[in-house]
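Please model the entire structure based on the sequences and the hints provided.
Chains as they are written, first to last, in the working numbering: chain A, 57 to 306; chain B, 48 to 100.
Just so you know, these hints were derived from the structure itself, not from any lab. There are no misleading hints in this set.
The following label-pair restraints were derived from C-beta to C-beta distances:
| id | chain 1 | residue 1 | chain 2 | residue 2 | range |
| --- | --- | --- | --- | --- | --- |
| 1 | A | Phe232 | B | Val72 | 30 to 36 Å |
| 2 | A | Trp140 | B | Pro58 | 47 to 53 Å |
| 3 | B | Asp84 | A | Lys63 | 27 to 33 Å |
Ideal placement from N, C-alpha and C gives every residue a C-beta, glycine not left out.
Below, each chain spelled out in residue letters.
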Amino acid sequence: MWKFIHKMASPPHFYGLAARIIPWFAVPGLVLVAYATYAGLFVAPADYQQGDAFRIIYVHVPAAFLSMMTYMIMAISAGIGLIWRIKLAHAVAAAAAPLGAWFTFLALATGSIWGRPMWGTWWEWGDPRLTSELIMLFLYFGYMALRGAIDDTAKADKASAVLALVGAVNVPIIHFSVEWWSSLHQGATLVREGGPAMDMSMLYPLLAMILGFKLLFSALLLRRVRTEVLYRERRTRWVRELVLSEEARS
Amino acid sequence: MEALSMGVYGPYVWACFIMTAMVFVICEWRARVHHRDVYSDIAERVRALGEKQ
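Here you go:
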């Protein structure tokens, strides 16, 4: 088992493997997102309360889901890097942060646009869901700023890993905020007692969109981790040989 | 046309979908550009090292 993990975490092995598997995530991801966009915009019926504005759910929920999932990936990778000193784990955490920031921004922006016609306001400072999600965006910014401020990669890995782990406490706060405190934000739609609070004709495109987002995110993350690995290993022999073999081929 | 305008909610819905598409395009584009830049830097260094030797 450990032998397998070490082989997978070996930078040259990962670099080659990731290049081969990126299309296996990207192509099905694009197909699912295309289907879910069409079904969500034109096939699913309008909501009886929110009308067509509810269709924002097809981008808002997957973006919010990814914003939290990415943070967990970042925190777990940072933890693995810190405890077992696996270099690839730190590279995953570093590569995930900008993606997490983008999806958190997207969740906040689409939520704000959705809130305008439904709540009559773009933003509500007292709302726990909105505020905790905004804190997560600042945690991503803080993580990236901390990494950028330390020149030594090993020190940057350690310091940013601690921040990522401490910030992980915000993820359950975001998730349960609508249950713990009074919130303008609606309760859970998918993961709730008694099953999803949606008709199947609305639910299937949403599930397809969430899966499509996850696959596209995986492709993006793999691409970014490859670059991070290449940069960190730039002085190693295998990178030199890789470049020389590419030059000889072209 | 009605399907596109979605009553009064069209601008809100389309703004969200267009913004999402833009975020994916930006992430993909930035990932590719970053990879190309890192690779070019390394290739240049390897070439310079080869000339020195």
